[in-house]
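Residue numbers (our numbering), protein chains in the order written: chain A, 30 to 447; chain B, 2 to 229.
Please keep in mind that the hints were generated in silico from the structure rather than gathered at the bench.
There's no promise every hint is true.
Unchecked claim - For lysine to aspartate or glutamate, the following EDC-like pairs were computed, each having C-alpha atoms within a straight-line distance of at most 16 Å: (1) B:K85 / A:D357; (2) B:K225 / B:D65; (3) A:K359 / A:E37; (4) A:K257 / A:D357; (5) A:K48 / B:E140; (6) B:K78 / B:D63.
Stated by the list, open to error - What follows is a set of in silico ranges between Cβ atoms, one per label pair, in the way DEER data are often shown: (7) A:Q390 / B:N147: 46 to 52 Å; (8) B:H127 / A:S414: 44 to 50 Å; (9) B:S121 / A:I371: 26 to 32 Å; (10) B:E67 / A:E340: 34 to 40 Å.
Here a beta-carbon is modelled for each residue, glycine too, at the ideal position from N, C-alpha and C.
Spelled out, the chains give:
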Amino acid sequence: MSWRLIIEIAQALMLARVKQTLIAAIGVTFSITMFVALLGFMNGLNSLLDGLILNRTPHVRFYNQIKPNPNQPIDQIIDLESNLNVIRSIKPSNSRLAIYNSESIIKSLQEDSRVKGISSKVSAQVFYNVGTIDLTGMVNGIDPEKETELFFFDDYVTTGSPLDLNQSNSIILGKGVADRILADIGDVIQVTTAQGNQLRLKVVGYYQSGLAEFDNVNSFASISTVQKMLGESNSYLTDIQVKLWDFNGAPAFANDYRDIFGIEADDIQTVNAQFETGSSIRSLISYAVGITLLVVSGFGIYNILNMMIYEKLDTIAILKAIGFNSSDVKRIFISIALTIGILGGAVGLILGYLTCLGIDQVPFETEALPTVKTFPVDYNPKYYSIGGIFSVITTYLAGYFPARKASSVDPVDIIRGK
Amino acid sequence: MTITKPVLEARNIDKFFYNPSKIQVLREVSFVINRGEFVSVVGKSGCGKSTLLYILSTMDTDYDGELLIDEESISGKPQNQLAKLRNEKIGFVFQFHYLLNEFSVLENVLIPGLKLGKYSREELEHRAMEKLKLFDMEEHALKKANQLSGGQKQRVAIARALINDPLIIMGDEPTGNLDKKNSDIVFSIFKELAQEFHQTMLIVTHDPEFAQGTDRIIEMEDGKVIRQ
Numbered sequence: 030m031s032w033r034l035i036i037e038i039a040q041a042l043m044l045a046r047v048k049q050t051l052i053a054a055i056g057v058t059f060s061i062t063m064f065v066a067l068l069g070f071m072n073g074l075n076s077l078l079d080g081l082i083l084n085r086t087p088h089v090r091f092y093n094q095i096k097p098n099p100n101q102p103i104d105q106i107i108d109l110e111s112n113l114n115v116i117r118s119i120k121p122s123n124s125r126l127a128i129y130n131s132e133s134i135i136k137s138l139q140e141d142s143r144v145k146g147i148s149s150k151v152s153a154q155v156f157y158n159v160g161t162i163d164l165t166g167m168v169n170g171i172d173p174e175k176e177t178e179l180f181f182f183d184d185y186v187t188t189g190s191p192l193d194l195n196q197s198n199s200i201i202l203g204k205g206v207a208d209r210i211l212a213d214i215g216d217v218i219q220v221t222t223a224q225g226n227q228l229r230l231k232v233v234g235y236y237q238s239g240l241a242e243f244d245n246v247n248s249f250a251s252i253s254t255v256q257k258m259l260g261e262s263n264s265y266l267t268d269i270q271v272k273l274w275d276f277n278g279a280p281a282f283a284n285d286y287r288d289i290f291g292i293e294a295d296d297i298q299t300v301n302a303q304f305e306t307g308s309s310i311r312s313l314i315s316y317a318v319g320i321t322l323l324v325v326s327g328f329g330i331y332n333i334l335n336m337m338i339y340e341k342l343d344t345i346a347i348l349k350a351i352g353f354n355s356s357d358v359k360r361i362f363i364s365i366a367l368t369i370g371i372l373g374g375a376v377g378l379i380l381g382y383l384t385c386l387g388i389d390q391v392p393f394e395t396e397a398l399p400t401v402k403t404f405p406v407d408y409n410p411k412y413y414s415i416g417g418i419f420s421v422i423t424t425y426l427a428g429y430f431p432a433r434k435a436s437s438v439d440p441v442d443i444i445r446g447k
Numbered sequence: 002m003t004i005t006k007p008v009l010e011a012r013n014i015d016k017f018f019y020n021p022s023k024i025q026v027l028r029e030v031s032f033v034i035n036r037g038e039f040v041s042v043v044g045k046s047g048c049g050k051s052t053l054l055y056i057l058s059t060m061d062t063d064y065d066g067e068l069l070i071d072e073e074s075i076s077g078k079p080q081n082q083l084a085k086l087r088n089e090k091i092g093f094v095f096q097f098h099y100l101l102n103e104f105s106v107l108e109n110v111l112i113p114g115l116k117l118g119k120y121s122r123e124e125l126e127h128r129a130m131e132k133l134k135l136f137d138m139e140e141h142a143l144k145k146a147n148q149l150s151g152g153q154k155q156r157v158a159i160a161r162a163l164i165n166d167p168l169i170i171m172g173d174e175p176t177g178n179l180d181k182k183n184s185d186i187v188f189s190i191f192k193e194l195a196q197e198f199h200q201t202m203l204i205v206t207h208d209p210e211f212a213q214g215t216d217r218i219i220e221m222e223d224g225k226v227i228r229q
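Just chain A, with the same shape it has in the complex:
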């Protein structure tokens, strides 16, 4: 049986009831538009909020922690099976904050296929000297290119450019710090490290993350500037930050390397578990609303097709009398439903995209989010394909039952009934 004839008949039936068909299609269009716009907007917000923390957080962070040595000398000497040792007042050993053998660690991390990128960091506790007052703070020595590539550092530099850090003795101040020490771009400020080294640094930019607590303390300089400030060699690194291809593999990755390198490894899930929960619940709600819209439009199609079948009983009877079997009739009505679904859905996807573009233009300025000027929208094609697939599935189901009813019409009943 040729589909061409089926489709031709379906088309003629739809054209005979253009208005009803259009209304059904508009129902689908509206729900797909809303579905796409809602998910795009919701997930845009989600990723913005998550990004506040998650973008800047390394998936796995390696560092040394100052803590008492777990292998105390006395344990080596006495037999713990039959003896008990009591040591009072154990102090942390004179270990460094720096990571031992950082070069070879970085090298082996780079060889791991799970790793997307590595950025190392030197953190230094400092005092910002303002006249006679010292403000405590932290200067992070970073590689500006790597930091921008992996952690979107440039998004948070509100004035100046991250690349200005490549000049020696320059610093990007946290906005809170800058406000407190009244430092403008181009000013030279003085910092003193915990070890007592003093260094004069030129302010080349401001950094604003949106988390005031963080911005009040932290500033950024290049790795070599901080190493110089601390009087350390250029192999001195306090943190190795790793970004993975698969964010979910972080705990396993941290476990793998924690023991090999004998250093601390924190993964993002452990550190920021609550963000995951929040975003997944928000997406769940938007999917639920979107799918409800689609189901409602499915009922619209169901009603309209049922009505169409009632009006077209004569046509169905004639078709059956001249040799169309039940499945042909079923196919005709399912084709009508699918045409409504596919056309309505396609227009809906386009309108949904346009709505997203519109939302993207709505101004949205907030103190906490310096880089955001308009509402965030996620254009992930995933939502478009889910919307498209769902529109086809719901219209198919909405068409299936009326079509089955049409296919079971007994032509004799109709012809005799006149």
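Let chain A serve as the given structure and place chain B on it in line with the hints.
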């Protein structure tokens, strides 16, 4: 010409209606229609002639007895095969249900042909135009079906019944809803089909004039064939 070859044969067909109570509408109806015969079925209203026609047309399968079309028993065959058989071997002309209003006249004639799929679309269009010409309907070919008068619709319906060169044409009071002039035209078309094309036809009618013009009359009363 093998006049004696049976096209349609009914053997002891019984039919009951169960609603509201069990009533027998057809009693042991048996007859044979041979190739080329122009047969009319007459009888009073309610004698079961239309019911018989629906059974003969394979649309109603709820009966006892045996029905043979083209010397093949079709009783108890699945619906899909019956639909195919209707498409290929039977042409219908109804009293009220003429055409599909959503389509043009030409498309209405084409659809059973397209469904059968024996000829290409171009070939079928050519054939459809031929049939329409036969009934002087070719100038209306591109009109929508609902723009025609009753008589014109019925002529198109006959053209549609002919498109697949059916074994037999069945008509359910094809002139019943037409005025005198139009029913004369339709009758003359049937007559022409019988004489010139030797088309086998079985027409249910209550119009005695129509019946007189046919080769053979089957008369029914109370569900029984009383004369054939």
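Outcome of the hint check:
| no. | hint | verdict |
| --- | --- | --- |
| 1 | B:K85 / A:D357 | holds, 11 Å |
| 2 | B:K225 / B:D65 | holds, 14 Å |
| 3 | A:K359 / A:E37 | holds, 14 Å |
| 4 | A:K257 / A:D357 | violated, 83 Å |
| 5 | A:K48 / B:E140 | violated, 31 Å |
| 6 | B:K78 / B:D63 | holds, 12 Å |
| 7 | A:Q390 / B:N147: 46 to 52 Å | holds, 50 Å |
| 8 | B:H127 / A:S414: 44 to 50 Å | holds, 46 Å |
| 9 | B:S121 / A:I371: 26 to 32 Å | holds, 29 Å |
| 10 | B:E67 / A:E340: 34 to 40 Å | holds, 38 Å |
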